[in-house]
Structures are given as C-alpha cells and as structure tokens.
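Asks: Each chain is listed here by its residues.
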Amino acid sequence: MATNPRPQQQLAVWNDPQAVPYVHIDRVTKKFGDFVAVNNVSLKIYKKELFCLLGGSGCGKTTLLRMLAGFEEPTSGKLFIDGVDVTDLPPYERPVNMMFQSYALFPHMTVEQNVAFGLKQDGVAKDEIATRVDDMLKLVRLQQFAKRKPHQLSGGQRQRVALARSLVKRPKLLLLDEPLGALDKKLREHTQFELVNLQEQLGVTFVVVTHDQEEAMTLSSRIGVMNQGEIIQVGTPKDIYEYPNSRFVAEFIGNVNMFEGRLIEDEPDHVRIDSPEMGGTVYVDHGVSSAPDAVVSAAIRPEKINISTEKPAQTDNVTQGVVKEIAYMGDMSVYLVQLASNKIVRVTQPNTYRHADDSITWEQTVYLSWHASSPVVLSE
Amino acid sequence: MSARAEAPRRHRHSAGVQLILDFLHRLPPYRWTQARLVRWGITGRTAVAAIPYFWLLLFFLVPFIIVLKIAFSDARIGIPPYQPLVQWMEGGVMQINVHLKNFYSMVEDSLYWKAYLNSIKVAGISTVLCLLIGYPMAYAVARAQSTWRHILLMMVILPFWTSFLLRVYAWIGILKNNGLINNFLMWTGLIDEPIVMLQTDFAIYVGIVYSYLPFMILPLYSNLEKMDLTLLEAAADLGARPFKTFMTITLPLSLPGIVAGSMLVFIPAVGEFVIPELLGPSDSLMIGKVLWQVFFTKRDWPAACAVAIALLLLLVIPIVLLQRAQAAEARGAHR
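Protein chains in written order, with the numbering used here: chain A, 1 to 380; chain B, 1001 to 1335.
Keep in mind the hints are simulated off the structure, nothing from the lab.
Incorrect hints may have been included.
Have a look at the derived ranges for each label pair, beta carbon to beta carbon [stated by the list, open to error]:
#1 A:E303 - B:L1251: 29 to 37 angstroms
#2 A:E325 - B:P1242: 25 to 33 angstroms
#3 A:E189 - B:I1157: 46 to 54 angstroms
#4 B:A1140 - A:H190: 39 to 47 angstroms
The structure displayed is predicted, hence computed values, not measured ones.
Built from N, CA and C at the ideal position, the CB exists for glycine as well.
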C-alpha cells in the first residue's frame, strides 16, 4: 500500500500513545448466520470526542453502534467503556444512551414524560427529575411543548425531544444513529451546528453513525470510514479528505479524479507517474513508499484542478481536454472535461466574481493543471 | 385527503369496450338519469357508501323495530302470540295499546335481574380469564419468527373450521364423570372417585373461555404485531428492565387491543345460551337461557322481546367502548 506522508499534525489526544481510550472496541466481530456484519474491528475513541462512523448501507456501522448500546452481542471481541468491560452488560445497565434514527419516542407519553422516563428508571427524586427535565427542555428550546404528545410535534422538534431524552441521564457515551437523517436539508444544516455546540457544552462523548459524508465532515473530530464490516480508515475530516488511504475512501468522500499510471521515478522527495490515461506525467512533491514500476492511481480532487484557456508554463501535471458539460451551481461551477483518452475529468472552480465562468464554454479546448502537492498516490 | 385520491381514477378497458362505454355515456337516457340522480344528491360515490347503510337498515334496524314493537304489546294465545300494537276501531279511530308490563315485571321479578347480574358476572370473569390466557399467547405469536407466526396464527383460527356446537359437545365428553379427564385421573390413581365437573359453573367458564379465546387473541395479536420494537429498545436503553418495559411501554400501548379483545369476548358471552345450556347446571341463571325459556317454553313473546331489548341496552356501553378502541387503533396505524 502506498503511504503518503502527512505534514506535522496538531497535538491531538489520538496521537498521544499514552492516552487512555474512553471507548475501546477490541477486535469485535459480529456474525448473523453466515453474514459477517462487523469484521474484527478495533477502535479507540477518546473522551469528549465526536466520532463518526461513516459508510454506505450495510457496511456494519449500525451493528457496531448497536453493540455499543447492548442490543447486539458481539460474536467475538470485547467492548470497554471508561475502562469497564461492558461486553456482557444488558442495555439497561450500560452508562450509554442512544438516539434512535426513528427517534423511538413513546407515543403515549408527553414530551416531559418522555424525557423523564430514563431518570425515573434510576429512581431519581421527583423534584430533581422535574428540574433536570426542565433544564434539558430549556437547552433544546422545547419548554412550551412540554405537555404535547410526540405526534403533535414537527420532525425537528421530535429530533430535539429524542436528543433531550438521551442526554438527560448524563450518559458517559451518547450514540446517535443517523441523527439528522429524517430532517430536511435546511434544518439539517442548522441542527448539525447545534449538535456540535451541545456536545462541546456538555462534554459528552458522541459516537454518530451516518451515511452522509457532508454530515460526518461537519460534525466530527474524527471519522471512521467503514466498508463491508471493516474500518478502512480512521482520521480527522481533513485527513480523510486530503489523505485518503485507498481508492474506496477517496471515492466515498467527495468527488475525485483518478489517473491510473506507472511509477517511473520514486525518490524520497518526489515521485513521477506516467499516465497515458491522463495524457502526461503526474509529478508529486512527496515520496511514496511503493515498488517501482508499480501500477498506481493519482487521485486529484476537482477543486484542486485549475482550468484555463491558455497553456500553463509547466510540463508536469498538465493536460488538455474539451469541455463537455458545464454546471453552474451559484457558488461554483462544475466542468466535465474530456481528455484525449476519453477519460472525463471533473473540475470545480469557485465563482469568486460575477461572470467568472464566462470565458469557458462548451466544446472549448482547455488546459487542466494542478499543484504538485495536490495528488494523492494510491495503490489499491 | 392525499393527492393520490384526488387524481382521477379511471378503469382501463380494452379499446372496444371503451368505445361502447363512450357511446353509452353519450346517449340521452344515461345522461338524463345521471343528471337526475345528481340533482337528488346521488353520485356513484354516495351510492356505494349507501350499500352498508342499506344492509344495516334491512337486517338490523327493521328487526330491532319489530322486536321493540312486540316488547310493548301484550301476550295472547294464538298466532302470532301477541296483541297487535295498533288497532283500527270503527269510525276511523286508531287505537295504540302500549303495554309496559313486560318492562315492569323485569324489575319486579327477581329472576330477571338476578339472571342479568349473573350473566354479567360470568361474562366478566370469563373475559378476565381470556385476557390472562390470551395476552401471553398473542404476545408469543406476535414475537415469533415469521414462519412460525403464520402456523401459530393458523392454530388459533383452526377451531372455527368445526361447528361451534360440536366443539361444545366435545367438552361434555372431556368433562363428564366417566369422561377423558376423570378416566385419566382414575387410571393414574390420583383420585378414587370422579370429580364432578360437568354441569357446574366451572364447566361454563371452561366452555366460554375456550370458545371465545380466539376473539381475545386476534385483536391483541394485531395490536402487538404492529408495535414498534425500537420503543422497547429505547426503554431498555434508558434503563428499564424487561418487566418495567412491559408495564410502562408494551401494556399501555396495547390497551386498544385489550379493550377490543375484551369487548369481543364480553358482549357475546353475556347473552350466551348454548354453553350454559349444555355444560352448566340446569338451574344456572344466564340471561340467554332465561330468554330462551320465556320465548319457547312459556311462549311469552312480548316478555322475551323485552328481555332482549334490556340486554341490548345493557350492551350499549361495552359496544361504545369497543368502537372507541377500534378508532384509537385505526388512528394509531396512521401515525
């Protein structure tokens, strides 16, 4: 596997080998009959993190979450929360609360009763329940709805009730299963930031399951990308986006252009890839440890490609193509450019001033170029 | 109404049929009839809605009025065995003779109200027994794997394939002194003399609970089967142990099913005649039995009709409860 060295990272808790993980998933496997839903996953999540499990449907992310909640028992492996082995604890004995995708609000109880339910189970004194429920409803701005039943609320309000209900017990760990999945786009963006604020305010460790990469990018301190029951890559949103470790991650998160080619120069400080598909050579300004002559892919994000009608004065990292599609998105424009190899390259350019995109039109021959730091070399 | 319902719904016909229909629709008689009907407020939609009303009118309201009419008349010997309510006298005088004595006697004669109270007691206890037995069964069926669920459900419904009367008769063979149970117990040596079970109140309860159990299980099953299981997970997640989850979530949410099932058992059990007649003691006081005796043995149709009317009024309360429960169930399904 080609590894791309990364610039000096900020001092984060997950880079500290001495740090004690708050949630430790230790070689956990879950099988349903012959189907392996989660395959030998190990993961360390630290206190006050907002960790996202990201993946397509059926990748095992929800199963992993449900094992943390206690609804599924691992076939093998151990789960630790705050140093305690919780593998065999039933859900009602775990210091964990979950916010369900469907919210799972009790339809026969008012908002207030829903939020108070968890505290009642713990035998908290009546007046303390009242104050804590009240505080929680204040926090999610639902005080005036305290006496309503769930079916009298809007989707966004229900989401907030579910959040309040799962937070009121001050869990060590809050699990959120597609927390924003049922909201419309506008509300979702708004709620994302609210969720992050709330998490910082309360200092609870969050584990969020989502299939929405944008949501994962906005919310999380770190993302674990899952595919077919395995964790493919763990890292900060920036890590994942700028330094994907595989074609799967690169293609799953955002858009990417892949140029297949052969390594012709492999030096510690640079590599050069000959890519007939691209119609030129890709020069990367950092070394890659891989076998020479190996077939690799250079992955370049659409926004890192420059599009111009004049030939740039560089010999590497430049190619020529014909504009096939232009999509004006308001804040930016998307160009689909066909190269001589028939490969379609996606390029996005910000519209930094009005009519910035006017000079380029359909069927025009254009030059595409990028900086030597932009490509990521992937071998699988 | 949803947008789908507003969209015009047209049946697809083959081209030939469509051609004939279009032609018919253009003919003056069709259009004339349609215009006339619409003027009276009858469209295709109202005509379809009217069918069940017509059915109820014909087979429920009309018989009810006949029974009511007989209840207010006096008995006589002859055919029919009651005086007419309305008589035409000479000189165009219409004489209406409303006799209330049948209703009076129901209050005065302790036989009637004792029978009523006893019927309610028997039906009430049977309902509670059905609920206690039926709830776990319905729960088990609703939570079983889908392949098993259909088999189990089939087994609940299967007894309906045999005549109700035959099944009650079969219980005689099981309960009688030299019947199945007693013979078995004597054979094992547990008892020396047969236990008298037939023609006791115990046998009535056995018969009613056995016969009406499916009516308890089916509405409970349909309620429990619809229940959102993530609610139970949510309760467990919030710290509720399984029993607490059952008491605070499952039980309250299945209340419409409990009410519907209870009413479906209670209502027919109050007026039950066959089971106490065949399995119960000869002096068992059940209103259904009293009704039968008054009607057939005493041939006092007006008194029997009055008993029937009183029984109906008595059951109005549980019927209203049943309808409310069904409405709540329907609302729950749309949520």
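Asks: Please name the hints from earlier in the document that this structure breaks, with their numbers sorted from lowest to highest.
Replies: 1, 2
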